[in-house]
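Asks: As given, the protein sequences belong to chains H, R and P, one line each in that order.
Per the working numbering, the very first residue in the first sequence carries number 1; after that it's consecutive.
Per the working numbering, the very first residue in the second sequence carries number 1; after that it's consecutive.
Per the working numbering, the very first residue in the third sequence carries number 1; after that it's consecutive.
Read the hints as simulated data drawn from the structure, not as lab findings.
Computed from a predicted structure; not experimentally measured.
Watch out, some of these pointers could steer you wrong.
[To be verified] Simulated crosslink set (EDC-like; lysine to aspartate or glutamate; CA at most 20 Å straight-line):
(1) H:K200 x P:E439
(2) H:K203 x P:E497
(3) H:K203 x P:E490
(4) R:K7 x H:D63
(5) R:K129 x H:D294
(6) H:K200 x P:E556
(7) H:K200 x P:E497
(8) H:K200 x P:D47
[As the list claims (entries may be wrong)] Have a look at the derived ranges for each label pair, beta carbon to beta carbon:
(9) H:A133 x P:T202: 46 to 54 Å
(10) H:F127 x P:K367: 26 to 34 Å
(11) R:L319 x P:G38: 56 to 64 Å
(12) P:Q651 x H:P208: 32 to 40 Å
(13) H:V218 x P:L300: 34 to 42 Å
(14) R:A275 x H:I280: 50 to 58 Å
(15) R:A107 x P:G38: 48 to 56 Å
(16) P:E713 x R:L2: 52 to 60 Å
(17) P:G38 x H:R37: 19 to 27 Å
(18) R:L5 x P:K100: 43 to 51 Å
(19) P:K100 x R:V165: 47 to 55 Å
(20) H:V218 x R:A95: 36 to 44 Å
(21) R:A195 x P:T80: 53 to 61 Å
The beta-carbon is built from N, C-alpha and C at its ideal position, and this holds for glycine as well.
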Amino acid sequence: MTNIIDPIAEIDESRVADQDVVIGKSRIIFRRFLRNRTAVAGLFIFVALFLFSVFGGFLTPWDKETIDPLNIGMPPSPDHLLGTTQAGIDLMALIVDGTRTSILIGLIVGGISVLISAVYGCTMAFFGGKVDATMLFILEALIMMPAILVVAVATSGSGGLKNLPSWLLLVVVLLFFSWMGTARLVRSLSMSLMQRDYVKAAKYMGVPSRRIVWRHLVPNIGSLLVLDFTRGITGAILAEVAFSFIGIGIKLPDVSLGVLIGQATGQVSSFPWMFWVPLIVMFFLTGSLAMMNDGLRDAFDPSSSSIGRAKNKTAKVTTK
Amino acid sequence: MLKYLLKRSGIYLIMIFLTTSAGYFLAVSSLKPAVLEQEKIPRPTPEQVAASFRGLGLDPEKNAWERYVEWLGGIVTRWDWGRSPNGAYVNAEFADRVLVSTRLFIASIILTLIIGVALGVYSAARQYKFQDRVITSYSYLVHILPAPIAYFLVQLGAISINEAVGERLFFVTGISTPGIDPGWPAFVDLVAHYAVPTFAMTIFGWAGYQIAQRQYLLDNVNADFVRTARAKGLTRNQAIRKHALRVSFIPVAQSIAFTIPAIFTGGFFAEAIFAWPGIGLWSIQSIGLQDVNVATATLAYGSVIFAIGAILADFATTLVDPRVRVQ
Amino acid sequence: MSTNTTPAERLRDAGLYAPGDAVLSVRDLNVRFNSENGVVHAVRGVDFDLMPGKTLGIVGESGSGKSVTSMAIMGLLPETADISGSVRFKGKELLGLSDKAMCKHRGSDIAMVFQDPLSSLTPVYTVGNQIIEALTVHNPTMSKQAKEARAVDLLRMVGIPSPKDRLKAFPHEFSGGMRQRVMIAIAIANDPRVLIADEPTTALDVTIQAQVLEVLHTAQEETGAAVVMITHDLGVVAGMADDIMVMYAGKPVETGTVEDIYYNPRMPYTLGLLGAVPRVDTATKQSLVPIEGTPPNLALPVTGCSFAARCPMVSDACLHGEPELISVPGSETGTLDHKAACIKSGELSGNADAHRIFHAPPKPVSKFDGVARTERDKVLELKDVKKHFPLLKGALIKRRIGTVKAVDGLSFDIREGECVSIVGESGCGKTTTLLEIMEFHPDQVGEVVIGGVSNKVATDHKTKMAMRKEMQMVFQDPTGALDPRFTVYEVLAEPLENLGMPKAAIKKRIMELMQLVGLQPDHVNRFPNQFSGGQRQRIGIARALAVNPKLVVLDEPVSALDVSVQAGVINLLDKLRAELGLSYLMVAHDLSVVRHISDRVAVMYLGKIVETGNVDDVFDNPRHPYTRALLSAIPVPDPNLERTRERIILQGDLPSPLDAPKGCNFATRCPVFAALPAAKQEKCLTLEPPLTSEAEGGQDFACFFPDGELDAEMLVVHA
């Protein structure tokens with residue numbers, strides 16, 4: 001119920017719309033990003049977690065299938081750095097696996113949905129008229145569908161979709177419902193860009209449409225897409241955790257952070273580490289992405305630095 | 001205005017029809033109640049299963065299209081949304097479920113809106129000061145915490161309070177204690193059941209409104225018309241309170257109008273975690289029970305509520321913004 | 001402003017000499033802002049006294065500190081600004097008052113009208129509410145009825161028709177000019193002693209500007225307030241102001257009476273500014289005075305004269321120590337001493353020739369100048385071009401309630417080497433005309449012929465490309481016209497790459513172009529935001545010229561630029577036309593610029609040409625009443641002329657297309673029509689006047705009663 005409108009995304013929309021997307025070169029953005037300490041910290045944490053999810057397997061001799069009959073439901077110990085489950089499986093091995101699944105879902109959903117929304121949004125803006133109206137209708141109908149029900153149907157059903165591994169199924173369904181908001185943003189931004197004089201100038205020079213889109217439109221919505229990419233990753237990771245937590249997302253034998261957290265809820269008091277460790281990992285993961293998103297937004301938007309806006313404006317006028 | 005509303009409603013009706021139909025086909029092709037029947041003891045023969053389902057209008061031998069036509073015919077001619085595999089009528093249970101959801105959500109949604117907007121204004125007035133940083137950081141933190149986990153953490157907290165006190169102050173699940181005496185004890189029982197879910201949904205719900213209201217207000221604080229108001233002789237704070245706040249409320253009013261109908265749809269996560277048998281929980285459970293008709297009905301209901309929200313949002317805009325007022 | 005006394009001492013001294021009866025005395029006002037680039041010293045020592053009922057004009061370009069000065073007086077600058085000096089209202093110090101204490105004065109003693117009327121009113125309250133608010137703040141005991149009656153009076157005073165009903169209207173239901181009237185009504189609601197108007201007419205059309213200036217004039221007469229008029233337009237203040245203060249780089253550089261400033265400028269900057277403005281009332285074909293360079297960065301300390309870097313008279317002495325604002329010898333008349341901040345002000349006495357001093361280039365001569373117009377080729381021809389839009393109403397429900405005839409049967413042509421301008425108020429269809437020409441599509445209504453190729457036959461890509469090569473466009477906003485992600489090189493290379501030119505040739509051509517438009521060739525790797533507005537416009541011009549077009553379409557090419565920069569760009573356009581044999585089609589709202597640069601002019605009103613011909617014929621002897629009104633609305637930078645000149649003030653705004661009469665479009669606002677007897681009015685209302693000429697070779701106009709007598713109510717003379 002609460003995920004119908006994302007106020008933060010809406011604010012971004014209004015900002016993007018009324019503000020010049022004046023950005024120098026990627027170098028300048030990169031430098032600005034590096035100046036933002038929080039963002040750099042976020043990047044570090046994310047890279048560290050990524051490396052952990054890929055190479056973490058070497059930190060423990062156990063894997064997620066082997067049961068250690070000597071250590072069943074044991075708290076963290078030198079043998080099992082993060083303890084074991086009540087079935088005697090090494091938690092570290094599970095976490096490595098779960099983090100990898102979560103990051104994978106995040107990257108795939110975030111990346112592909114940005115691509116879909118860019119193509120869909122640009123197409124709407126570029127053709128306009130009937131094409132735009134029809135595509136907008138489809139888009140709004142999709143927004144109307146309660147995504148979670150479809151996720152539940154698709155992942156719980158016993159129909160033909162059952163042949164896919166559950167994480168891939170979740171990816172497909174999340175993808176299906178994750179691109180609409182951005183597509184609408186891309187559409188309105190592209191439409192306003194098409195009205196810019198430099199796009200008109202190119203048109204009047206006889207530059208082919210394809211080239212105008214490629215050279216003028218795409219770079220100018222780039223910042224929006226990069227921001228949306230990080231936000232999409234966060235959204236997908238959170239959605240996976242939420243769905244798996246109430247038991248409709250990822251199904252065993254696949255392991256994800258959401259599955260681990262969800263499984264542990266029954267025995268929080270007796271096996272607290274089983275609940276808290278994956279939860280903290282998830283927090284670091286989404287937190288690092290949020291920190292990066294924040295830094296990226298600042299880097300892309302010169303006016304949003306924490307020096308008061310009024311001051312900047314007046315200063316600009318006086319130095320002109 | 002009426003004409004406009006009719007036109008919008010018409011478009012939404014088409015959309016609802018399409019989404020519901022798509023949902024039905026998805027459900028029919030992936031939900032197979034017969035599988036669950038196989039687990040019953042004594043195990044019924046496939047013929048028995050088929051016969052009982054045929055009676056319920058859930059004939060597994062018909063193809064998706066035939067069942068769709070039959071189902072749609074029932075709705076159009078008799079407003080009959082079909083039956084569950086256990087024989088229950090969808091229509092019969094629907095109202096109860098909606099009522100439960102409404103009871104669970106009404107208090108928290110209203111609190112969420114009021115607190116969110118108030119905190120948004122408060123933090124905008126103290127931009128970059130300590131209070132603003134705390135409030136806004138909290139809101140961003142909530143954004144990276146999935147709702148069910150947040151609710152679960154509140155439940156854990158309530159349980160530990162109960163344990164610390166040594167008696168059951170709060171109920172962390174359920175609507176009411178069965179067989180409670182009416183009058184005062186019933187009221188105490190009600191509050192004890194309401195407290196935890198309402199608290200959880202409120203403190204994790206206002207973040208969005210806080211951030212939005214704060215940003216919209218800040219966007220208007222240095223607007224030209226605020227300067228005009230100050231030039232008339234209003235102090236900065238008066239000018240902001242009277243002029244900027246009113247203008248910044250336009251987009252917020254829109255999203256509030258959008259949210260209000262959600263009171264009646266409930267939520268999947270809250271109902272699942274706090275075990276309130278409302279619409280949200282019903283829809284999730286129905287999928288577990290391979291119940292095609294309930295799943296589709298709740299999906300349709302969600303779409304209808306969304307459409308009402310969207311129309312209300314338009315309506316709210318025309319109320320608060322004279323620029324789009326229609327004569 | 002001497003540098004070896006403390007501010008306190010200077011204040012005391014200044015106070016001694018401050019005339020006792022001034023309503024507003026400003027002494028040594030300094031404003032500093034923090035910015036990312038360091039502390040910007042935006043206002044550096046402003047002094048003035050404002051006498052009751054008098055008008056002071058503060059003239060300066062963007063960044064000169066004129067607006068910051070006014071905001072500092074009003075106490076409206078952000079708290080982070082560092083303000084020092086003294087601002088006294090009737091002897092009472094205002095600087096340093098708390099926001100609350102200042103509120104007693106704001107809106108009652110000192111009121112202000114801001115630049116942008118569209119955003120200056122709160123959109124969600126009725127205008128009545130907003131006027132009454134101003135009354136309530138300062139008169140808490142006033143009854144509701146009294147306030148309402150006063151609000152109606154105020155609206156009537158500023159010339160809003162049926163004021164009682166309009167009280168309940170929202171700002172968006174008013175046009176820009178009407179909103180500015182409401183702003184003035186709010187400002188004078190409490191009979192302020194001082195009224196500050198910050199560029200009150202900059203965002204408005206000339207006809208509306210004339211109306212609003214008239215309202216300001218009335219407001220001043222009614223309230224007896226002293227007015228501070230802040231503007232960049234030397235014409236606007238010429239007729240209104242008693243005294244003028246010219247600001248440059250945060251500092252007054254010359255002060256005096258209007259006569260002193262306009263007829264005897266003693267500071268090279270003032271001299272240059274006056275020479276940089278083209279005149280609408282004279283036909284002199286002379287280049288404008290260009291002021292090269294840009295104002296100094298106020299984040300850096302000023303060591304010498306701040307104008308030195310742009311001054312043609314600069315010498316070593318100018319670079320050591322900033323010159324003080326001192327009295328010019330032999331001119332102690334008027335309310336204000338004539339003062340100038342220039343060590344060479346003595347050299348400028350008498351009739352200094354700005355053109356000679358600033359090395360204005362000679363008027364370029366084109367190879368086509370000697371050829372008769374009829375013997376030159378047509379580069380562009382329009383035949384009965386029409387563009388109609390459906391008019392939709394309602395924000396949510398869009399229903400069609402009529403047709404906007406944005407362009408309604410336009411025919412004209414442009415010959416080699418000439419500049420044709422289209423003028424008119426915003427909404428008259430001049431920009432739509434340009435877009436129609438640039439679109440060049442076979443489905444258009446009417447025929448557009450460019451370089452002999454008609455839009456009706458140009459269906460294939462190849463002919464279209466050939467046409468695109470013939471015609472290029474320069475846009476109004478130089479910032480929006482350049483992709484911020486492209487370097488200048490990339491901007492200029494785009495049209496050339498599009499033609500498939502080899503890389504080496506492109507590079508050579510770009511270097512040529514940079515030189516042609518007066519930019520340094522080694523700046524090609526910079527981004528547009530590293531250039532000033534004037535330089536960006538030069539880049540835009542260079543891009544248009546890259547493919548060697550015959551015709552350049554100019555959409556308000558200088559309206560976004562400061563006066564001193566504008567002159568340079570106009571001179572450049574003149575030079576390019578002569579050297580390259582270009583033709584221009586220009587759209588502009590500034591008729592002075594049009595007169596200066598064009599050979600022919602077409603006056604548009606509601607989608608139709610109402611008068612067209614040689615620019616000097618039309619401007620010196622306008623026949624259509626609309627042309628007459630338009631020309632009379634333009635203020636001229638000549639105080640004596642401004643004060644005696646009779647001007648036509650048109651009533652109301654451009655009518656909505658729905659109200660357009662069957663006959664002559666202009667009848668609803670026409671000053672001639674209003675004076676006609678009813679029998680003759682009938683003709684205007686039923687028949688559409690054709691666009692014809694009276695005499696051979698004269699201009700064409702569409703009016704049944706040219707040179708008709710004007711309605712007395714629409715005529716105004718300020719004695």
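Asks: It remains to establish, for every hint, whether it holds in the given structure.
Replies: Each hint, compared with the structure:
Restraint check for K200 of chain H and E439 of chain P: satisfied, since their Cα atoms lie roughly 10 Å apart, inside the 20 Å limit. In summary, the hint linking K203 of chain H to E497 of chain P is supported, as the alpha carbons are separated by about 14 Å, within the 20 Å threshold. Straight-line distance between C-alpha atoms of K203 of chain H and E490 of chain P comes to about 16 Å, which keeps the hinted pair within the 20 Å bound. Between K7 of chain R and D63 of chain H the alpha-carbon distance is near 60 Å, which puts this suggested pair outside the 20 Å criterion.
Distance check on the hinted pair: K129 of chain R and D294 of chain H sit about 19 Å apart at the alpha-carbon level, within 20 Å; holds. For the hint linking K200 of chain H to E556 of chain P, the alpha-carbon distance of about 16 Å falls within 20 Å, and the restraint holds. As the CA atoms of K200 of chain H and E497 of chain P are separated by approximately 17 Å, the hinted pair is consistent with the 20 Å bound. Restraint check for K200 of chain H and D47 of chain P: the C-alpha separation of about 47 Å exceeds 20 Å, so the hint is violated.
Judged by the Cβ atoms, the range 46 to 54 Å given for A133 of chain H and T202 of chain P is violated: they are separated by roughly 40 Å. One distance hint, 26 to 34 Å for the beta-carbon pair F127 of chain H and K367 of chain P, is violated here, with the actual separation near 47 Å. Range check, L319 of chain R to G38 of chain P: Cβ separation about 48 Å, and the 56 to 64 Å hint is violated. At roughly 50 Å, the beta carbons of Q651 of chain P and P208 of chain H sit outside the given window of 32 to 40 Å.
A hinted range of 34 to 42 Å holds for the C-beta pair V218 of chain H and L300 of chain P, which are about 39 Å apart. At roughly 27 Å, the beta-carbon separation of A275 of chain R and I280 of chain H lies outside the given 50 to 58 Å, and the hint is violated. In this structure the supplied range 48 to 56 Å holds for A107 of chain R paired with G38 of chain P, their Cβ-Cβ distance being about 54 Å. As the Cβ distance of E713 of chain P to L2 of chain R is approximately 45 Å, the hint placing it in 52 to 60 Å is violated.
With their beta carbons about 23 Å apart, G38 of chain P and R37 of chain H fall inside the hinted range of 19 to 27 Å. Under the hint 43 to 51 Å, the C-beta atoms of L5 of chain R and K100 of chain P, about 47 Å apart, fit the expected range. One distance hint, 47 to 55 Å for the beta-carbon pair K100 of chain P and V165 of chain R, holds here, with the actual separation near 50 Å. Restraint check, V218 of chain H to A95 of chain R: a C-beta distance of roughly 52 Å breaks the suggested window 36 to 44 Å.
Checking the proposed 53 to 61 Å range against A195 of chain R and T80 of chain P shows it is violated: the Cβ atoms sit about 46 Å from each other.
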